[in-house]
Amino acid sequence: MNILEVNHLHVSFSTYGGTVEAVRGINLQLEKGETLAIVGESGCGKSVTANAIMRLIPQPPGRITDGSILFKGQNLVDQSERTMRHIRGRDISMIFQDPMTALNPTLTIGTQLMEGLKQHKAVSKEEARQKALDMLRLVGIPNPKERLTQYPHQFSGGMRQRVVIAMALICEPEILIADEPTTALDVTIQAQIIELFERIQRETGVAIILITHDLGVVAKVADRIAVMYAGQIIEKGTKRDIFYHAEHPYTLGLLKSVPRLDIKEARLTPIDGTPPDLFSPPKGCSFAPRCPYAMEVCHEVPPIQTELEQNHHVYCWLQDKRGKALMAQTATKK
Amino acid sequence: MLKYILKRLTIMGVTLWIIITLTFVLMVSVPGSPFNDQDRNTNDIVQENLERHYNLDKPYIIQYFLYLKSIITFDFGPSIKQSNHTVNDLLSRGFPISFELGMVSIVIAVISGVILGIFAALKHNGIIDYAAMTIAVLGISIPNFVLATLLIQKFAVDSNMLPTARWESVAHMILPIIALATGPMAIIARLTRSTMLEVLTQDYIKMARAKGLSPWKIIVKHALKNALMPVVTIMGTLLAGILTGTFVIEKIFAIPGMGRYFIESINHRDYPVIMGTTVFYSAFLICMLFLVDIAYGLLDPRIKIHKHDGDRP
Ligand SMILES: Nc1ncnc2c1ncn2[C@@H]1O[C@H](COP(=O)(O)OP(=O)(O)OP(=O)(O)O)[C@@H](O)[C@H]1O
Ligand SMILES: [Mg+2]
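Protein sequences appear in the order of chains A and B. Residue numbering for the first sequence follows my numbering, starting at 1 and increasing by one per position. Residue numbering for the second sequence follows my numbering, starting at 335 and increasing by one per position.
Be careful, since some hints might not be right.
With a straight-line cut-off of 16 Å between C-alpha atoms, the simulated EDC-like cross-links for lysine to aspartate or glutamate are [to be verified]: (1) LYS540/B - GLU309/A; (2) LYS457/B - GLU532/B; (3) LYS256/A - GLU195/A; (4) LYS220/A - GLU34/A; (5) LYS32/A - GLU203/A; (6) LYS72/A - ASP91/A; (7) LYS551/B - GLU203/A; (8) LYS239/A - GLU300/A; (9) LYS540/B - ASP98/A.
Derived DEER-like restraints, expressed as beta-carbon distance ranges [said to hold, decoys possible]: (10) LEU336/B - GLU146/A: 20 to 28 Å; (11) GLU126/A - PRO564/B: 34 to 42 Å; (12) SER124/A - CYS621/B: 24 to 32 Å; (13) SER68/A - ILE508/B: 55 to 63 Å; (14) SER124/A - VAL441/B: 31 to 39 Å; (15) THR204/A - LEU336/B: 40 to 48 Å; (16) VAL187/A - THR567/B: 37 to 45 Å; (17) SER124/A - LEU336/B: 33 to 41 Å; (18) VAL187/A - ILE461/B: 48 to 56 Å; (19) ILE637/B - GLN310/A: 41 to 49 Å; (20) ASN75/A - VAL438/B: 50 to 58 Å; (21) HIS8/A - ILE637/B: 45 to 53 Å; (22) ILE637/B - SER124/A: 27 to 35 Å; (23) PRO58/A - THR483/B: 56 to 64 Å.
Heads up, incomplete: computed chain A residues facing chain B, CB under 8 Å, no partners named [as the list claims (entries may be wrong)]: (24) HIS86; (25) ARG90; (26) SER93; (27) ASN104.
Derived from the structure by calculation, the hints contain no laboratory data. For clarity, every value in this text was computed on a predicted model and none was experimentally measured. For every residue, glycine included, the Cβ atom is placed at its ideal position computed from N, Cα and C.
Sequences and hints are given; from them, build the entire structure.
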């Protein structure tokens, strides 16, 4: 069963320059205990999606204009701020990109770890402390007893991210949203943190939404992958589907733009062009202007979902039955 | 910590010594003497005797050391003008009043300034924000003596609600304290607002929201302490401002505090009183600045005042 279901979600921001449609009708499903990776280039709306699920979109200027977010059947879009406060941190937790700034410099690690627990559960001081120690051990911080009374500046970046992860997991949430949790860390630490995610998932069974633009990370931990482009999901499927059977030109481009060790290639192929302006998104497929295979219909009509295999969906006219037929036609003509 | 305090105390001592020396140099270089009052008509012999009595006939260097001695023993001797009072008498009479006026003003300024700043930040660009900031700009731009006069006119003369002057009951304290506290309050309000606005955009605030904490808890526990850091930094300057402010306010409201003796002593070249009050004011201010620094260290764990430097990664 899906623990989280995002249907047709729209988020826009009103700015002085006009309305930015940051997220335009995305659908996502997250199953219990799995890892869903959301990938896409900078500015495609990954963080906005994550914040929308937590209902942490700054409002104004932001607003969820349409769609639903079903957490165990409960539509989060309609919940009051008060109800959301009970859900945040307890049922759904979030981790941010930069561990250097995610911790309050003036409070001890212990205080910051325990406050979430005290907020949501009726625990005694000693129980809270014990739980905090357990969490620090779980995320692999040595000398947790001493560490509890220390301040963030006494921790390295990797250690801070571990603390942040411990903070997010202390109430044993069912969903953990990690918004680029490794981007700000150096490579060796990144690998450690990713391993930590895997281990935590094994031990706690938490479902993880991992937002990243690092396909290496995705290849390692994701069960399923959603590829985002300009506020929309353009392809989603299992890790296998995306890495070996990707069909959307953008996904293919994305895969070609990362270095691979197994295939000797002279050079990486970047995707030409830039993402569309979200103030006035294109009428048709938002990738069409950059797409080497774009057809006339691509510029005019937004593509509909095509199911390639079970749970492997793509939004691309090329994959549509009619599109395929057209391709075949032109191919024979030539 | 102890090492730090000792070091600070030494620096404070040196600062004080420089102030004393400067005051002495200024004092002797200003023309005039306590005894050449035109209308007193003292003859030369009386004048000489008086000068000898107060050691004013000695070379400056001897006088300087005599002053140093009087400071170290904290005995400034009698006032020249009011010879039935010692300087210590004047200080112990005036200081409690000035201290009360100054401290109550600064406490009120800090509390109301911080509250005003927080509300302005939370209702960013709303009516409360604009109102608070208008008050703040007025508070900063109107000098305290103008404000004092306006307050007296409005509340004491026109409407007779409050007494015009003196320092006898709580009612007497209201106007001088408002006059003295408004400026610093305005500065604190503006500063709190801007730092609060900045702090509220920080990731750790977002993280606190993601933990499900209530807005109130987030402000008090996560935002306020960080937002108050700059306020603590300017406390030293504000204290100095309040201190000089008390001179003016005490004069306007005829409050028998130290400020009055200080000003009178300068007008009358009452050397022991000048020296006594200056040293006292300086020592007081230096101690306050020291306390502010200590408070800053306590507030921000990143500022280390311990001997060893923790285990920074
Ligand atoms: N507070 C805001 N006000 C106005 N526009 C916003 C705001 N937050 C996000 N946006 C817009 O939403 C779009 C998506 O932003 P988002 O932060 O989700 O990108 P992202 O995919 O997370 O990128 P990155 O990989 O750089 O983190 C951006 O084009 C941005 O301009
Ligand atoms: Mg982002």
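Verification of the hints:
1. A distance of roughly 39 Å separates the Cα atoms of LYS540/B and GLU309/A; the hinted pair therefore is violated under the 16 Å criterion.
2. For the hint linking LYS457/B to GLU532/B, the alpha-carbon distance of about 14 Å falls within 16 Å, and the restraint holds.
3. This hinted pair does not check out: LYS256/A and GLU195/A have alpha carbons roughly 25 Å apart, beyond 16 Å.
4. Proposed proximity of LYS220/A and GLU34/A is supported: the alpha carbons are some 13 Å apart, at most 16 Å.
5. Note on LYS32/A and GLU203/A: the hinted pairing holds, with a Cα-Cα distance of about 14 Å set against a maximum of 16 Å.
6. Proximity of LYS72/A to ASP91/A is assessed by CA-CA distance (about 10 Å); at most 16 Å being required, the pair is judged to hold.
7. Among the hinted pairs, LYS551/B with GLU203/A is inconsistent with the structure: their alpha-carbon atoms are about 32 Å apart, more than 16 Å.
8. Proposed proximity of LYS239/A and GLU300/A is contradicted: the alpha carbons are some 31 Å apart, above 16 Å.
9. Note on LYS540/B and ASP98/A: the hinted pairing holds, with a Cα-Cα distance of about 12 Å set against a maximum of 16 Å.
10. Take LEU336/B and GLU146/A: their Cβ atoms lie about 23 Å apart, and the range 20 to 28 Å holds.
11. The hinted window of 34 to 42 Å between GLU126/A and PRO564/B holds, with their beta carbons roughly 37 Å apart.
12. Here the CB-CB span from SER124/A to CYS621/B is close to 43 Å, at odds with the stated 24 to 32 Å.
13. About 58 Å separates the C-beta atoms of SER68/A and ILE508/B, a value consistent with the hinted range of 55 to 63 Å.
14. Under the hint 31 to 39 Å, the C-beta atoms of SER124/A and VAL441/B, about 37 Å apart, fit the expected range.
15. Evaluation of the 40 to 48 Å hint for THR204/A and LEU336/B yields a pass: the beta carbon distance comes to about 47 Å.
16. Taken as a hint, the range 37 to 45 Å holds for the pair VAL187/A and THR567/B, whose Cβ atoms sit roughly 39 Å apart.
17. About 37 Å separates the C-beta atoms of SER124/A and LEU336/B, a value consistent with the hinted range of 33 to 41 Å.
18. Our hint of 48 to 56 Å for VAL187/A and ILE461/B holds, since their Cβ atoms are close to 51 Å apart.
19. At roughly 59 Å, the beta-carbon separation of ILE637/B and GLN310/A lies outside the given 41 to 49 Å, and the hint is violated.
20. Between ASN75/A and VAL438/B the Cβ separation comes to about 55 Å, which falls inside the hinted range of 50 to 58 Å.
21. A beta carbon spacing of about 51 Å between HIS8/A and ILE637/B agrees with the range 45 to 53 Å that was offered as a hint.
22. Between ILE637/B and SER124/A the beta carbon distance is about 33 Å. The supplied range of 27 to 35 Å therefore holds.
23. Between PRO58/A and THR483/B the beta carbon distance is about 46 Å. The supplied range of 56 to 64 Å is therefore violated.
24. Here the hint on HIS86/A is kept, as its CB sits about 6 Å from the closest CB of chain B, short of 8 Å.
25. Interface restraint check for ARG90/A: the shortest CB-CB distance to chain B comes to about 6 Å, inside 8 Å, so the restraint holds.
26. Evaluation of the SER93/A hint against chain B yields a held restraint, the C-beta minimum of about 7 Å falling below 8 Å.
27. Satisfaction of the interface hint for ASN104/A is found here, the shortest Cβ-Cβ separation to chain B being roughly 4 Å, below the 8 Å cut-off.
In this structure, the hints that do not hold are numbers 1, 3, 7, 8, 12, 19, 23, in rising order.
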